[in-house]
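Chains as they are written, first to last, in our numbering: chain F, 1 to 635; chain Z, 1001 to 1630.
Be a bit skeptical, because a hint or two may be false.
[Stated by the list, open to error] Looking from chain F toward chain Z, a few residues come up when the C-beta cut is under 7 Å (computed):
1. 383
2. 477
3. 579
4. 589
5. 593
6. 597
7. 604
8. 607
Just so you know, the hints here were simulated from the structure itself, not pulled from any lab data. Model, not experiment: these values are computed from the prediction. Glycine residues also receive a C-beta, built at the ideal position from the N, C-alpha and C atoms.
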Amino acid sequence: MEKSGSADSLGSKRSSSRQPSVDSLTSTNTTRSDRSAHLRSAVSPDAASARTDLGAEVLKESSRIAEGELQLLPRESVQDTASDVTYICPFLGAIRGSLTVTNYRLFFKCLDKDPAFVLDLPVGVISRVEKIGAISAQGEVSFGLVCKDIRNLRFAHRYQEGSLKKSIFELVNKFAFPVSNALRMFAFEYGQPFPENGWKVYDPLAEYKRQGLPNESWRITKANEHYDVCETYPATLVVPANIPDEELKRVAAFRAKGRIPVLSWIHPETQATVTRCSQPMVGVNGKRSKEDEKHLQAIMDANAQSHKLFIFDARPPVNAAANKMKGGGFESEDAYQNAELVFLDIHNIHVMRESLRKLKEVVYPNIEESHWLSNLESTHWLEHIKLILAGALRIADKVESGKTSVVVHCSDGWDRTAQLSSLAMLMLDGFYRTLRGFQVLVEKEWLSFGHRFQLRIGHGDRNHTDADRSPVFLQFIDCVWQMTRQFPAAFEFNEFFLITILDHLYSCLFGTFLCNSEQQRLEEDLPKRTVSLWSYINSQHEEFTNPLYVDYANHVLYPVVSMRHLELWVGYYIRWNPRMRPQEPLHQHYRELLAKRAELQRKVEELQREVAGRAAVAPPEKAGSPAGSPVQTCV
Amino acid sequence: MEHIRTPKVEQVKLQDRFSNKVIAGTLYLTATHLIFVESSSGSSNAQEIWILHHHIASVEKLSLTAGGCPLLIQCRNFRVVHFVIPRERDCHDVYSSLLRLLRPAYYEELYAFSYNPKQNDQQREEGWQLIDLNAEFERMGVPCDQWQLTDVNREYKVCETYPRDLYVPVTASKPIIVGSSKFRSKGRFPVLTYFYQEKKAAVCRCSQPLSGFSARCLEDEHLLQAISKANHNCRYVYVMDTRPKLNALANRAAGKGYENEDNYSNIRFQFVGIENIHVMRASLQKLLEVVGARFLSMTDYLQGLESSGWLRHIKAVVDAAIFLTKAVAVEGASVLVHCSDGWDRTAQVCSLGALLMDPYYRTIKGFMVLIEKDWISFGHKFADRCDQLDGDPKEVSPVFTQFLDCVWQVTEQFPQAFQFSEWFLIQIHEHVHSCQFGNFLGNSQREREELQLKEKTHSLWSYLLAEQQNYENPLYSPALAETQPILEPSTLPCHFKFWRNMYHQFDRTMHPRQSILKHILGLRESNRELERTANQLEAKFSVGGPPLHTSAPHRPRPKSLILTAPHGRKESEEESGNAEEEVPARSGAERTVEGSSANENGYIELQGPFSTKPEPQMVSLELGVARMTC
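Please build the complete structure, drawing on both the sequences and the hints.
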């Protein structure tokens, strides 16, 4: 699979590479776009010319730092440059160079080195800026930048205390945390036009229509149009047809944060559904709600194939029970006839945060050779990944093989529930495995259903110890990556797409992942005031497409969740290590093969047409001749 | 044969190791194989399993259960089968027959002597002539002005475990060689194994010196001096002792040991720290125990993998090979490699080092040459290490398996640098233990000559070359060898991975769902097909229209034990292949479930027909995903 193109010093030792050694986010794009531009001309010239739309090109140009020059984005402005800064690289040692801070990025370069060393990262990635120690004997101050993308960066620079000029790191501190400093996020400045508007990728009505909704059992309701049934839910909801809008409010009263059971996905044949909600407000006294019970009954009844309903509670049973003390809890099988409750043992956001923190210690900067595997084990990261995938697999299996509808919830239904429902849908529905389908999936299950990105990531917020932060979305992407490993031809997107999503999850360049809910996003008018990540991605989609992709649209994918098949995503977590050499460009090889095939196919078709034209009496073409048969869609 | 008491047992159940799947069938015991045939349930594609007796490492009778008497068979090619035989007497008969059959007392009883493919004598001889080691040394540029062929070992008098033809520095006279050989364990004196022409640097190999605490040998010192002088680029010679220092010290107490830097001029001595054969044997055993566990938690897996040490040992060998490569190709220094006897770790390091330095060894033919040179001719004790005859179990060790594993790790890091794919490595591994071909029988060239293997058995290499296309790596890019001749693998611990396709090659449930390799092979095949069609059509124009059907030179793929590319067949034959691989593009709304286990098998059972396995329609949910019933 492709590794991120994070170029490195080791690679550059090889004579062929002339690129400066870079170690940054945007540089990934650069190396990649260089290659793909290359490819494009090699593969099909007409495609290349058709694709010189300005937006994508401009962005690409602006992120091009091949000559070690800072290329500003639209409305990006240099705030300050300090010339005498040392970057203390954990791999290459101290590097002296100049540091530039803009309202979007931090740009460090050292041209004395050969190849030039460049570090280019959006300040949004920084979660903490800290001064380390006192001023050294040489009059230098050290600053550490803790990043959300697994890195820690350390700089030192000469600085006189009491001097009027502020340290450049105070500027970093200012622009990295616009929310805390009452500044505008760069996403609101950046106005890059793109040929496609990514905000239009997801249209709930179109998506439900694709699923065949509304139908006789399910209706689309506007009850939440003003977000007064549930403020963290989207405006458009799908509920059982026989539950009127008035009753939804009463159901909402019984569900945490008013997050009522609504449909996420419906099976095209069996009508079994995946529905999601939050925990019921059972409390210690075992409260019941007639409306809620009726609602779940209606969900079950909507599927004629099965007289059972599975409720998947993502939490460990102990946690679910503990929630009763806080008024929450889980459905009792007495109250909900024909329902079976299953706990999936997935831990909460705090456990996950801690697990990632440990993982970071194990993989960055250096990996301890002798205890690598047991250290990895001690983070439990892969175990959490396994539990999430296993849970999603059980849901998918229940819906596909058991033909039974399922209800998925955790506590609030916006973290683990989003992971489970979206992964199960990814297994069940090939549409979500396409480049655009995946965007729809993220827009729908994560963004519109109110995964609290602002809180979980802490965009622009100085408060790095906030207990609401958690790598829930990262885990989801990791699970997706694990699935792409097991089914390398079933996904239209590649690893670079997943990494790009994660990079821009933190960069705050695009508006996509800002705010906590659909309502907030509308209040902030994000579609008007910011650019969507999907605009950028869809404007140069071939960089993100997997050349091996075969349309497995009607296949259900069941990944193996055995340890032997799950592995650490080194291409993401260890990508900063220069010993992780970027892999040989395999995908280019595939692309060449595909292009060659397309060309041959054209040729064969032409020839055949000519044959047919010349000799109408000629014997019929050989059966199974590859040219005409649909086998050629690939395999 | 007189050992077989019960040639056929019916109603035997075969239990899958990792799932609850049970297949009923009949067990046959022949002179060479144990065969299990699934009782066909109406369908023509009954599963067959053929197990060569030589592949069996151990047979175990487990305690009686309600279903019958369980028989657990573990094979050297990592197949584990679990039969349940209804009657205990049958089970005991099979058990005791197998115990007699699996390890013969004489070479002549090995399968290679009875194996008879449809080949005439001439073809067989050609097979044995495929690889000519003198030509290989010529390819490296030897003999030259500094290195010559010596006839000192023509009669195996100086060292009986070395080959007849040896290359030594021109300045090393016979008395020096003979003197040095007396100072080296088993007489294995320093000889050339690889010559890096570009820098005139040599890789030499030998066994440990019999130095004890103070002994010296002027001839040996002289020979090292000669090796050093033969390379004008570098003033010193590296001496790599591939053992951990502690082991070398222990050997010193036994009158053996390592070179004293004070006695040898211009040497740089270096320990590398690869553990001995006993540690490796235990390590692999532990590894197999860990991954063989049916229910494996993440903690068990990762900690078990680590505590087995297998990946750490792999890394140690790769580290040593990298050291060797850097010394030779970067510094231009000559290197002398040894361990204790110079036939295990030395073979690993020399051959892996050469593989990293020389792109030729990364081709299919070149890899055969490499094995023939560094392993077979220099006397890696295949008979003892692979337990070909009933011998000392302490001599058995997966040294060669480990080498193949190292090569695989490198191929994973450099997917375009190798002409062969992992199936090639797995197939070689298969036949190192199968004793079906003569190449790996015996412990030394001398023994092989005495056994008259070239007259009585067949060569594996011609067999593999005949179906070369099954082992080709579609990503191989020969041009890369020009621009990047030397490979420098990363040794980050996360780059050393468990080789699932080797150690789980017979466990269907462990196979990947989709393999990239197969996709590319399919793509290439379809391109070839298209090209043919295009050519035919073009020809039709020029000639004036011969019918299309006549010129379809569809070469059938040779039947192979390992099947890697069923794609080509699929396009030409009816669409009978695996459901999973087909594109459901035309079948509108039909939903298919991916991820049930078996169909994406890159393998096929030994001797079985092409993939004719029934595809289980059930989904196996593994580990932690207890199956829930509605």
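We went through each hint and held it up to the structure:
1. 383: Given a least distance of 4 Å, the restraint on residue 383 (chain F) holds.
2. 477: violated (19 Å)
3. 579: Cβ of residue 579 (chain F) sits 5 Å from chain Z, so the hint holds.
4. 589: holds (6 Å)
5. 593: holds (5 Å)
6. 597: holds (5 Å)
7. 604: At about 5 Å, which falls below the 7 Å cut-off, the nearest Cβ of chain Z leaves the hint on residue 604 (chain F) intact, so it holds.
8. 607: holds (4 Å)
The earlier numbered hint that this structure contradicts is number 2, and it is the only one.
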